[in-house]
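Peer 1: Protein chains in written order, with my numbering: chain A, 1 to 304; chain B, 1001 to 1430; chain C, 2001 to 2306.
The set of hints was computed from the structure by calculation and includes no laboratory data. Treat the hints with care, as some may be off.
[Stated by the list, open to error] Result set (DMTMM-like, lysine to aspartate or glutamate): computed pairs, CA atoms no more than 25 angstroms apart in a straight line:
| hint | chain 1 | residue 1 | chain 2 | residue 2 |
| --- | --- | --- | --- | --- |
| 1 | C | LYS2064 | A | GLU249 |
| 2 | B | LYS1409 | B | ASP1122 |
| 3 | B | LYS1186 | C | ASP2207 |
| 4 | B | LYS1050 | A | GLU249 |
| 5 | B | LYS1184 | C | ASP2145 |
| 6 | B | LYS1139 | B | ASP1122 |
| 7 | A | LYS262 | B | GLU1204 |
| 8 | B | LYS1244 | B | GLU1177 |
| 9 | B | LYS1186 | B | ASP1292 |
| 10 | B | LYS1186 | C | ASP2145 |
| 11 | B | LYS1244 | C | ASP2161 |
| 12 | B | LYS1244 | C | ASP2069 |
| 13 | A | LYS262 | C | ASP2145 |
Keep in mind the model is a prediction, meaning the values are calculated, not measured.
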Amino acid sequence: MTTQTAEPVATRVAVPATSKAASDRIRSWGVMAARILLCGVFGLPLVFMMVSSFKPDQQIFGDLGSVNAFLPVGDISLDNYLGVFDRVPFAQFILNSVMVSVLTVILGILVNSMAAFALSRIEFRGQKVILSVILATLIVPFETLALPLLWWCNQLPYFDGSIGWLDTYAVQIVPFVANAFSLYLFYQYFDSIPRELDEAARVDGAGWFRIYRSVIMPLSGPAIATVAILTFLPAWNSYLWPLMVVQTESLRPAMVGIDYFKQMATSWGQIMAYASMITIPVLAVFIAFQRSFINSIASSGVKG
Amino acid sequence: MIPFKKIAVGLLATALTLSLGACSKGGSTSTAAAGSPADVSLWTHNAGNKAELGAIQTIVDDYNASQTKYKVNLQAFPQDSYNQSVVAAAAAKKLPCVLDIDQPNVSNWAWAGYLAPLTGMDDLLGKYMPSTVAKWNGKTYAYGYYDVALTWVARKSVLTKYGIRIPTIDAPWTAAEFADVAKKLKAGGEWTNPIDMMTGGSGEWWPYGYSPQLQSFGGDLINRTDYKTADGALNGDKAVAWAKWFAGLVNDGYMAKKSGADPQADFLNGKSALLWTGSWAGTPVRAKLADDAVFLPPIDFGNGPKVGGGSWTWGASTNCANAQGAQDYLKFAAGDKYVTKVAKDTTNIPATDAAAAAIPGYEAGGINDIFRQYSKKFTVLRPETPGYSYIATEFAKAAQDILNGAEPKATLDTAVKNIDANQAANNYFQ
Amino acid sequence: MTALDKPLRASARSARTSRRGTSVALAMLTPAALLMAVFLIVPIVLTFGLAFTNSRLISPVPAKFVLFDNFFRLFGSDTFWHSLLNTVIFAVIIVPLQSGVALGLALLVNGKFRGTNFFRTVYFLPVVTSMVVVSMLWMFLYQQDGLINVLLAKVGITGPDWLGDPRTALFAIIVMSTWQGVGFHMIVWLSGLQTIPAELYEAAAIDGANKWQQFANVTWPGLRSTRTLILITITISAFALFTQVNIMTQGGPLDATSTIVFQAVRTGFQQQQTGYASAISLVFFVLVLLVNLVQRYLTRDKEVSR
Chain A
1 MTTQTAEPVA TRVAVPATSK AASDRIRSWG VMAARILLCG VFGLPLVFMM
51 VSSFKPDQQI FGDLGSVNAF LPVGDISLDN YLGVFDRVPF AQFILNSVMV
101 SVLTVILGIL VNSMAAFALS RIEFRGQKVI LSVILATLIV PFETLALPLL
151 WWCNQLPYFD GSIGWLDTYA VQIVPFVANA FSLYLFYQYF DSIPRELDEA
201 ARVDGAGWFR IYRSVIMPLS GPAIATVAIL TFLPAWNSYL WPLMVVQTES
251 LRPAMVGIDY FKQMATSWGQ IMAYASMITI PVLAVFIAFQ RSFINSIASS
301 GVKG
Chain B
1001 MIPFKKIAVG LLATALTLSL GACSKGGSTS TAAAGSPADV SLWTHNAGNK
1051 AELGAIQTIV DDYNASQTKY KVNLQAFPQD SYNQSVVAAA AAKKLPCVLD
1101 IDQPNVSNWA WAGYLAPLTG MDDLLGKYMP STVAKWNGKT YAYGYYDVAL
1151 TWVARKSVLT KYGIRIPTID APWTAAEFAD VAKKLKAGGE WTNPIDMMTG
1201 GSGEWWPYGY SPQLQSFGGD LINRTDYKTA DGALNGDKAV AWAKWFAGLV
1251 NDGYMAKKSG ADPQADFLNG KSALLWTGSW AGTPVRAKLA DDAVFLPPID
1301 FGNGPKVGGG SWTWGASTNC ANAQGAQDYL KFAAGDKYVT KVAKDTTNIP
1351 ATDAAAAAIP GYEAGGINDI FRQYSKKFTV LRPETPGYSY IATEFAKAAQ
1401 DILNGAEPKA TLDTAVKNID ANQAANNYFQ
Chain C
2001 MTALDKPLRA SARSARTSRR GTSVALAMLT PAALLMAVFL IVPIVLTFGL
2051 AFTNSRLISP VPAKFVLFDN FFRLFGSDTF WHSLLNTVIF AVIIVPLQSG
2101 VALGLALLVN GKFRGTNFFR TVYFLPVVTS MVVVSMLWMF LYQQDGLINV
2151 LLAKVGITGP DWLGDPRTAL FAIIVMSTWQ GVGFHMIVWL SGLQTIPAEL
2201 YEAAAIDGAN KWQQFANVTW PGLRSTRTLI LITITISAFA LFTQVNIMTQ
2251 GGPLDATSTI VFQAVRTGFQ QQQTGYASAI SLVFFVLVLL VNLVQRYLTR
2301 DKEVSR
């Protein structure tokens, strides 16, 4: 964005001064009304989820056709939540999801930022090729690779010397650490950091690794936060992969737990309760870190 | 701005500490040391289903207490994604010793070499209803504690109000009678769609729920003499008649193309008058409607009423270090005591007569006995060919397309073409 | 991809090509490169290889090479062409729709006013909610007698069976996907907006430009690089459409919502035809790669200097 200079405004239109204040006022009321209306559009489905989590199944469907669907009215109770704790090892699943997500995020930040630094700052042969290969892998959706990856993970030697990675935490984490999109975001961000800074450090005798650690990374808070969030969300929400590779219940992540409520008759109220409970931690983190969340995600768009 | 460095260092420290413990594999099957019992792993689809999981756990505990040679370890998976988990494990050659399998998949698995035949159990399993014993190529591969049956659920009061005859197992509704029932209910104006056949369902429900109606018309999913082609069975005149009837329910406004997310709740809320579902609806529906609930037999479209057969069944995998233990457990677990236990706790139809007699409701003349009668009298198993899982997906898609207005004959022809190609591509599973 | 630092780059070149630099670079690249090679490149290569075999997920018969059989079958399949068409329609509609709505939202919550953070948070809520959960919620809303139709009935419109009608199902999924993803792109636009110096607006205002003229002459040109990023990210996620379809419609009715990735998963998992599914994936990769190259060519403008 640094290169952008707006073209000069070509047209000049005289606005009658008298009506301006009044129309501005009307406009700002209108804008506020639009904002509030949109809150309904984006917030109500989640309100529905949380409200329904307190209702018995039959009432959820009875209320579907009216505004009651969004109101905590009728037979309100905590039964669904009690049911959830009764059917699912909730604490274990949340702990597993936290472990998997946090480790994926931290390792992802380290691995991708280092590679991005090398590609952005150090010149060497084959750099361009590597970058374009990485960019090309951006487009591969995970679903299409799941089966070959499953087969392959089962052939790899594991840390303890045995063969096959299935049924471990590692198989839920390691394949997702190196990520083309994260790498690309870091790369773009590093490219925007003025090179005078590392030149100065070099003059002072710093090596590449030290420049990375002491000059570039401390300046890259927004990029780190962006990558953290973009890695955290899919890791927390992962479903298909753990379904395939995790067999032991005590290693299962939270999203798979939704299936526990779909039996011959699906317990919708409990699904809503469970979904609320696994969404709330993410929401809480989001609201707590809201400012840096948004400002940092925002930074990913600064450079294109 | 968040103090990233501090947070990152803190998190990394925590995570690494945790991950030290995480490098070991879950459920790692330790090879039995001398003297200690040998491990026999067991998987079941019951995670989240307390009643059934509890019953299976009881059997496992009883078995482990009964002898010292083997120790069975239970691992539960959620049903909705169980097949995916198990197929993934099979592809990775990580199947457990003992597992439960949806009955129609048994022949596919047996053919692929994943299942070991059950030996020396013929006497025990002779007492089971045929639909609860899964066979392929003359060998027995799995047995189930229960079956389920299809049924029409209605309110007695509603049928009486509209002057509709309540059908019985010996005198089910005929096609013409059913057409009249639908017309009467629709004319009453109480329901937008008086009939709900759970057309919002997914996956296996489609062949399970609707192929019996196809069979009652005289069609079938595949030609069962040699399982080589579906031609004639799935696209003959009778199959086309079924397809037209099925689509007609939608076109005439009797049934929704896609049911709501929970048809049973809709029925109980009075949004439909007739619900095509299974015996599993018995207990919850009765809990709400008491004596007003009636569970009617399937319609006779000419070839007699039909219901699907085969539910969850237990078998042994070939990928087991202690194969003898697996067979031993399955023998132990096949006794009437456990059929009674599991069928009772799940309220499903017990597989043996002795168990039925011991479960309140399933004794002759009991409130649930009618389901057992339907099952015994009307069951047609889904085709026992390894190609079934493919046939199921093709049939489901064809039926869905037909409901949505696709030309019946052409749609069924396409399904037949695909099914035949798949059977041929696998050399007819010889 | 800014062009500003080019001169700097040239002057730094000599310092950057030391041999030590190369070895450090290799060391820093190794973890990412190794992980990508093992967990991304190998599976991709396996997929390509499997596409030419009759490999099955469950079978006692070893896989055989069948050359282009899978591709012949694929190109002769109506469902494949439907899926391809749906994927393209989805992408062609959702890319402008989602980026446009996101820009509108960003303009609405740009700047300082009471409750800025509250509104941004609410608009962002669907992004942090799992797609699995969101899809189930919208299935309820879209039901024939669901809330959307009840609201429409209040203004005298009889709503269709959104997900059950081939004419509306894909549209319904587009709306729902936009709703879910738009918050993220709103934030990306916001960042772009915040980099436009306030003085430019002041100057425009002094010149007497109205809001629309300010947007056309200051805002829009100032968002050029943001546009590229948004275009590429939405396109990639649009082509990978799967979860919503899998949960809400299973590709139906009448293939109206079947997509290429959905087809690949259905044939690979439910129908156990690994080889055929791999062929679908292969075609998919090539397709997206082409689209991507075209996009990068079209948006290359200021990057040619690199």
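Peer 1: Each of the hints needs a verdict: does it hold here or not?
Peer 2: Hint-by-hint comparison with the structure:
With a C-alpha separation of about 37 angstroms, the suggested pairing of LYS2064 (chain C) with GLU249 (chain A) is violated against the 25 angstroms cut-off. Using a Cα cut-off of 25 angstroms, the hinted pair LYS1409 (chain B) and ASP1122 (chain B) is violated, with the two alpha carbons roughly 43 angstroms apart. Between LYS1186 (chain B) and ASP2207 (chain C) the CA atoms are separated by roughly 69 angstroms; this puts the pair beyond 25 angstroms, and the hint is violated. Our distance criterion of 25 angstroms between C-alpha atoms is met by LYS1050 (chain B) and GLU249 (chain A), whose separation comes to about 15 angstroms.
Between LYS1184 (chain B) and ASP2145 (chain C) the alpha-carbon distance is near 23 angstroms, which keeps this suggested pair within the 25 angstroms criterion. Restraint check for LYS1139 (chain B) and ASP1122 (chain B): satisfied, since their Cα atoms lie roughly 10 angstroms apart, inside the 25 angstroms limit. Proposed proximity of LYS262 (chain A) and GLU1204 (chain B) is supported: the alpha carbons are some 14 angstroms apart, at most 25 angstroms. Of the supplied pair hints, the one linking LYS1244 (chain B) and GLU1177 (chain B) holds, its CA atoms being roughly 17 angstroms apart against a limit of 25 angstroms.
The straight-line distance between the Cα atoms of LYS1186 (chain B) and ASP1292 (chain B) is roughly 20 angstroms, inside the 25 angstroms bound, and the hint therefore holds. Taking the CA atoms of LYS1186 (chain B) and ASP2145 (chain C), the gap is near 17 angstroms; set against the 25 angstroms cutoff, the hint holds. A C-alpha spacing of about 21 angstroms is found between LYS1244 (chain B) and ASP2161 (chain C), which places the hinted pair at or below 25 angstroms, so the restraint holds. For the hint pairing LYS1244 (chain B) with ASP2069 (chain C), the CA-to-CA distance comes to about 35 angstroms; that exceeds 25 angstroms, so the pair is violated.
Distance check on the hinted pair: LYS262 (chain A) and ASP2145 (chain C) sit about 23 angstroms apart at the alpha-carbon level, within 25 angstroms; holds.
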